[in-house]
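Dock the two chains into a complex; use the hints.
Here are the chains, one letter per residue:
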Amino acid sequence: MNSLTLSQVTKTYDGVTALDAVGFTVAPGERVALLGHNGAGKSTLMKIILGLIPATSGQVTVLGAAPGSQTARDGTAYLPENVAFHPALTGLEQIRLYLRLRGDDPARAMDLLDRVGLGQAARRRIGTYSKGMRQRVGLAQALIGNPRLLVLDEPTSGLDPVSRRDFYTILDGLAAEGAAILLSSHALTEVEARTDRIVILSQGRLMANDTLAALRRRAALPIRLQIAARPGAADEVAAQLAGGRRNGVIVDLTCGHDDKLARLGDIAALKGLIEDVEIIPPSLEDLYSHFSRRDGQ
Amino acid sequence: MTALARPVAALGATEFRIALRNRWVTITVAMMALFALVLSAAGSAPTGDVGVDALSVTVASLTSLGVYLVPLMALLMSFDAVAGEIERGTLSLTLTYPVSRSTILLGKFAAHLAVLSIAVGAGYGLAAVAALVVDPEATAGLPALWRLFWSSLLLGAVFLAIGYALSAVARRPGAAAGLAIGVWLALVVLYDLGLLAAVVADGGGAFTTHALPWLLLANPADAFRLYNLAASEATSAAAGLGGAAQTIPALHALISILLWPLAAFALAVVALRRVTP
Numbered sequence: 127m128n129s130l131t132l133s134q135v136t137k138t139y140d141g142v143t144a145l146d147a148v149g150f151t152v153a154p155g156e157r158v159a160l161l162g163h164n165g166a167g168k169s170t171l172m173k174i175i176l177g178l179i180p181a182t183s184g185q186v187t188v189l190g191a192a193p194g195s196q197t198a199r200d201g202t203a204y205l206p207e208n209v210a211f212h213p214a215l216t217g218l219e220q221i222r223l224y225l226r227l228r229g230d231d232p233a234r235a236m237d238l239l240d241r242v243g244l245g246q247a248a249r250r251r252i253g254t255y256s257k258g259m260r261q262r263v264g265l266a267q268a269l270i271g272n273p274r275l276l277v278l279d280e281p282t283s284g285l286d287p288v289s290r291r292d293f294y295t296i297l298d299g300l301a302a303e304g305a306a307i308l309l310s311s312h313a314l315t316e317v318e319a320r321t322d323r324i325v326i327l328s329q330g331r332l333m334a335n336d337t338l339a340a341l342r343r344r345a346a347l348p349i350r351l352q353i354a355a356r357p358g359a360a361d362e363v364a365a366q367l368a369g370g371r372r373n374g375v376i377v378d379l380t381c382g383h384d385d386k387l388a389r390l391g392d393i394a395a396l397k398g399l400i401e402d403v404e405i406i407p408p409s410l411e412d413l414y415s416h417f418s419r420r421d422g423q
Numbered sequence: 005m006t007a008l009a010r011p012v013a014a015l016g017a018t019e020f021r022i023a024l025r026n027r028w029v030t031i032t033v034a035m036m037a038l039f040a041l042v043l044s045a046a047g048s049a050p051t052g053d054v055g056v057d058a059l060s061v062t063v064a065s066l067t068s069l070g071v072y073l074v075p076l077m078a079l080l081m082s083f084d085a086v087a088g089e090i091e092r093g094t095l096s097l098t099l100t101y102p103v104s105r106s107t108i109l110l111g112k113f114a115a116h117l118a119v120l121s122i123a124v125g126a127g128y129g130l131a132a133v134a135a136l137v138v139d140p141e142a143t144a145g146l147p148a149l150w151r152l153f154w155s156s157l158l159l160g161a162v163f164l165a166i167g168y169a170l171s172a173v174a175r176r177p178g179a180a181a182g183l184a185i186g187v188w189l190a191l192v193v194l195y196d197l198g199l200l201a202a203v204v205a206d207g208g209g210a211f212t213t214h215a216l217p218w219l220l221l222a223n224p225a226d227a228f229r230l231y232n233l234a235a236s237e238a239t240s241a242a243a244g245l246g247g248a249a250q251t252i253p254a255l256h257a258l259i260s261i262l263l264w265p266l267a268a269f270a271l272a273v274v275a276l277r278r279v280t281p
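Chains as they are written, first to last, in this note's numbering: chain A, 127 to 423; chain B, 5 to 281.
One thing to keep in mind: the hints can contain errors.
Claimed, not checked - To give a feel for the contact side, a few chain B residues facing chain A, derived at Cβ under 10 angstroms:
1. 7
2. 11
3. 15
4. 21
5. 96
6. 97
7. 100
8. 102
What the hints assert, rightly or not - Some chain B residues well away from chain A (every beta-carbon gap over 10 angstroms; in silico):
9. 13
10. 46
11. 76
12. 181
13. 208
None of these hints come from the bench; they were simulated from the model. All values derive from a computational prediction rather than experimental measurement. By construction, the Cβ of each residue, glycine as well, lies at the ideal position given by its N, Cα and C atoms.
Here chain B stands alone, though its shape is the one from the complex (with noise of 0.2 angstroms):
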């Protein structure tokens, strides 16, 4: 185990370092910090009478937030990991040391894992501050607010991965973030409108009862959001597929979120296998 964890914690520090120093971490923490401060103003408003506490709402709107923001920022951070090496002319000497390629993509993975922590740590973090602020109930929301924060974690891990596979794939940092935009769109924005059309078209027919809840459960962004409204007391404040999805056990996409962040390691690795420096 030492033998392992050595080099990914020595790798993991530098490039937590890195981080650090191209404001990465700044700019996500930020970003999230801001993000969880106007939906905890604009949530609060028409709680009042609802029978909800403040946070179950904000938790609930959280987690549109971050079915967006976290993917977003895991491909951001990720996509420059392999190809940025290539380009500079690190990767050739780093693989010349005894280390092996999975070991590399670890350190990589477990220092923007970190840094995704930190930043939705502080964005939940500053939403929980705020919902208890207005709302001594608040304190109601936090067991869902703890399970926003560690499967949004897992998405964010998924994405990370999937960056890696494409900044492998791709070796230029350009072509990278091309696809790494793209898969975004695709996974987080386009996925979803295409399964609403074809709802829409099926007329409640055998596509949106066989077929959409496993398709939902395919996708880790719409998996991530299934759990933490099937699980959250909130689901009343959630809209669009999430609401159509009622049927979907919680545990089957607990499952799926557990499961996609090991795929997209795995896949990141044999991308990076692939690569000849």
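Next up, chain A with everything else stripped away, as it sits in the complex (with noise of 0.2 angstroms):
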């Protein structure tokens, strides 16, 4: 059974369309990465999943049971985007009040403060912490209980790579054990690798939802191959390959996904005049604006 599942889900906000019919599936020990511009719908959907407002029409499933429930919010974990906490209260107090808020122990608060590297900020007041303090203090209180789904919208925003990294490497820690994951993110490379699936949502409707390699072979973008060619042969190399002079040295060259062995094999012929070749595929970014502006933009 999956963890979420969402089919035709439509809000209206006074005629507008919020979201047009959206429908997906997070599975156990998913991690499913929701992209989109601002506005696109994101924060949303996830109010939506939570059960914090009503979708128009559509069916949502959370854990078995109607977002909202009891047992949907038993399960499940969520990280608001720019997560804020009472300034008066220290970090411990305030993982202790929603530890105990899920009838859990108290005494867990200091544990799950160290597993997010705030072990030594815990006695300090939340009104003087950073920012990418602040969201890891959201981060513990979305450990509690084990979940089963986390949803989590903008979870690395002003965390530093280093926190990020730790960030991932609880996420993939809990969907080892079977949480399912649902993030946004803004930050397109630093899901590319940790994610399993990507849905990309546009003007409320889902454009995308499959992983990245098949989204890049529907996509079909060119790959780029970056000739490096020894001193002087520069010109000889882009003459032989119809290619274009970056720099002196550097040739690019665009192909398709099917032509890409034939290329490497014409530049392989060139063996003399070649110091490297490097093969880049579409980024992230060239596939989410392929995706997001799939319909006339």
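Right, dumping it as structure tokens:
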């Protein structure tokens, strides 16, 4: 059974369609990235999943129950975008409260804060925390009670690169234990390596829902081949391969997915003139632009 | 029961800690203590030969003070309760936890009522000590003071709950503060002035004999004042509408101040349920 099932979910505000017949699933242990511009409907979709706002139409099933029901809330953890806490409380007090609200042992608060690297600051007031530290408090509360579904809205915003890596390591551990993870992000490169599937929303509509490899195949965007010529040979390499020169030594080529091997064969034939070849597949940014602009823009 | 009591206790303890750190406890205790001492000093002078003990006189003065101050303190603490959380962005996260909205409100309510009881207890306690120092007979007024204490908490509970309802309806702290001041003025100050004007215009007619008692009971602040003055032996020290409504039995006033907190809290829960974060 899927941890999360969305089918034909539509949300309209005063005649404006925020979500238009969106449907996808997240299975236990699966990490799904939700991508989209600001205002694409990501946060609205998450709030519907959490039962904070009702969908106008369509079905949502969270852990086999209705969104916002006791079963759904018991098993779901949420990290809101720009998470905030009362500035007068310390990180430790805040996490102790959340543990007690989930019927968990408040003594575990220190372990949780240590796990997100906030052990040192646990007894300081949240009002003195940086944005990244508040984000870690938010992550700590999302780890309470072994959630079976995590809904994370821009979870790594405000985190430095090392903290981001630590954060994804924690997520990998949760997914390995069977938690389903739905996270939104603007940082496409970090999502690339750390999620199993990508869902792209644009203006409330689902534009893509697949693995990165499958999206690459479907988009059929050109692959770039970057050839480093030996000193003085760049012109000849460019002429032979009908490619464009970029500077003294680099020659740029693009080719379709199916032509890749043939082009590489051409390059290999010029072995004496070439120092190195880089194959640059379309980036997630390219794919994202492709899928989010697909209809007519 | 424990399933409900545990989250209420957790939320209440957290809210109380916040109230301590925001200086609400200090501010309200200082406010009540100051006013109670001033009233004691002013009230102890003329008692001498009236035949009523010093504390009973102070209780009558404290009733008039409490009817203004307790609702004000309650509204000041509660107007931010929901709107502030919406503005800070903390409410949506709390609402995803497996606790109901009425439980969240009960937690805040328990903490704010505890702060009020500390402030009111400190103020009235000081007044009692001051009265006992000048008049050994003042122990006779202790039952009236105790009655004033718990009925003040009921009055505070009403205005705490009204404050939550306003906070949930307004959704922004600034708007909620404006509404709270408006409600305080309307229920505590203008309501009585309006009734007084109506009584004067009526000149002892049907309004004064039939409608007035019910209108007084319908306002929690008036019901509070009526109950304490009607039950007290020091009614002679009271003035204004309290004297005009001698005909209302204390029991009716008591029922009113017992029902108001429940009704206001139910209203607050309904208002919070309508909030979409």
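Next on the checklist: Hints numbered earlier in the text: which of these fail when held up against the supplied structure?
Outcome noted: As far as the earlier hints go, only 9 is violated by this structure.
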